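A.B. asks: Sequence:
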Amino acid sequence: MLDAETVVGSGTMKVACSREELTQKLAVVSRGVSTRTAVQILGGILLNAEGGQLMLAATDMELSLRASLEARVEGDGAVVVPGRLLVELARLLPDTEVSIEQRADEGVIHITSGSFESRLNTYTAEDFPRLPDAEGLERHTVDRDALLETIARVGRSASRDESRPVLTGILVRFEPGKLVMAATDSYRLSVKETALEGTVPELEAIVPARALTELARIGQGAEQIELGVHENQVVFGVDGIWLTTRRIDGQFPNYKQLIPEAFEYEVPLPRDEVLDVVRRIAVMAQRNSPLRLRFAEGELTVSARTQDVGEAQESLPVSFTGEPLEIGFNAEFLRDGIES
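The sequence shown lines up with residues 977 to 1316 when you count with this note's numbering.
Keep in mind the hints are simulated off the structure, nothing from the lab.
Here the structure is a predicted model, which means the values were calculated and not measured.
Glycine included, every Cβ here is placed at the ideal spot set by N, Cα and C.
Don't take each hint at face value.
Said to hold, decoys possible - Computed cross-link-like contacts, DSS-like style, restricted to lysine-lysine with a CA-CA straight-line distance of at most 25 Å:
1) K1154 - K1232
2) K1168 - K1154
3) K1168 - K1232
What the hints assert, rightly or not - Pair by pair, the computed Cβ-Cβ distance ranges are:
4) L1251 - D1225: 30 to 40 Å
5) D1225 - Q1200: 24 to 34 Å
6) G1286 - V1142: 11 to 21 Å
7) A1198 - P1141: 46 to 56 Å
8) Q1000 - N1230: 20 to 30 Å
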């Protein structure tokens, strides 16, 4: 991302670019803007015009996003603009081109597009957090499909409880020939191993689940994803967009000891059919009522009952033999597990 030399000096910044491309890049970068901080500059987007490029960056100190677009730069400069306002303005501008200008010693930028003119208050670029220079890192190329599939399989099991930071992250570990990810909220555990070809980076880190979710969002349509490590941060590159996230400190639970080496029962199930049944029956599993699966000879019955609401059940044929077995599940967790 940005180093101490990336932000150019103050002066008259003047740049013109495509409104459409600016809007597209702002839509990506703005997801790094902080929405719940008293530090006003973290609610802004850094604009840095230099060398025929307009670079955009935003950070909430956990997640940072940067993207660049081609521009006609008549004056180098950098400034921080309130993110929400800039995104909304760019989306509604009337012309195909937009001009942005900041004059020396003014605390505003001038935005023009067609007959539209606006002045927007700014923050000084020198107060914007310094972020690692992704371009200078040693980077490895990782297969997009393998990485995004693994994120999709485990991400839902990460905790949203910020009082236990380690559990809000996903353990990411590259081993020879494979990628391993694990996530748990202490109620459920997801582990996925995905085969990789070629050389892989040396990395084992707990990465915020939110950062990997954003990576999956911006990685759609890309062929490859680049990965680099800088001290306590992990950097991902996708088609000129750079996502930087901090590692989460702490010890991830020893999930391997929770996975049995053998199972007492193993029953193959038709995934789509079971998922449809679970979704229907889950409507009646309200107020923490469990969704029950009862296995009997050749049959699975899914049921739920909530007092003062109602009940439902549905059966389907399965390949089960032996003594009847009944298990209760959290309906949401079971549905997420089958969908993943």
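A.B. asks: Looking back at the numbered hints, which does the structure fail to meet, lowest number first?
C.D. replies: The structure conflicts with hints 6, 7, 8, although it agrees with all the remaining ones.
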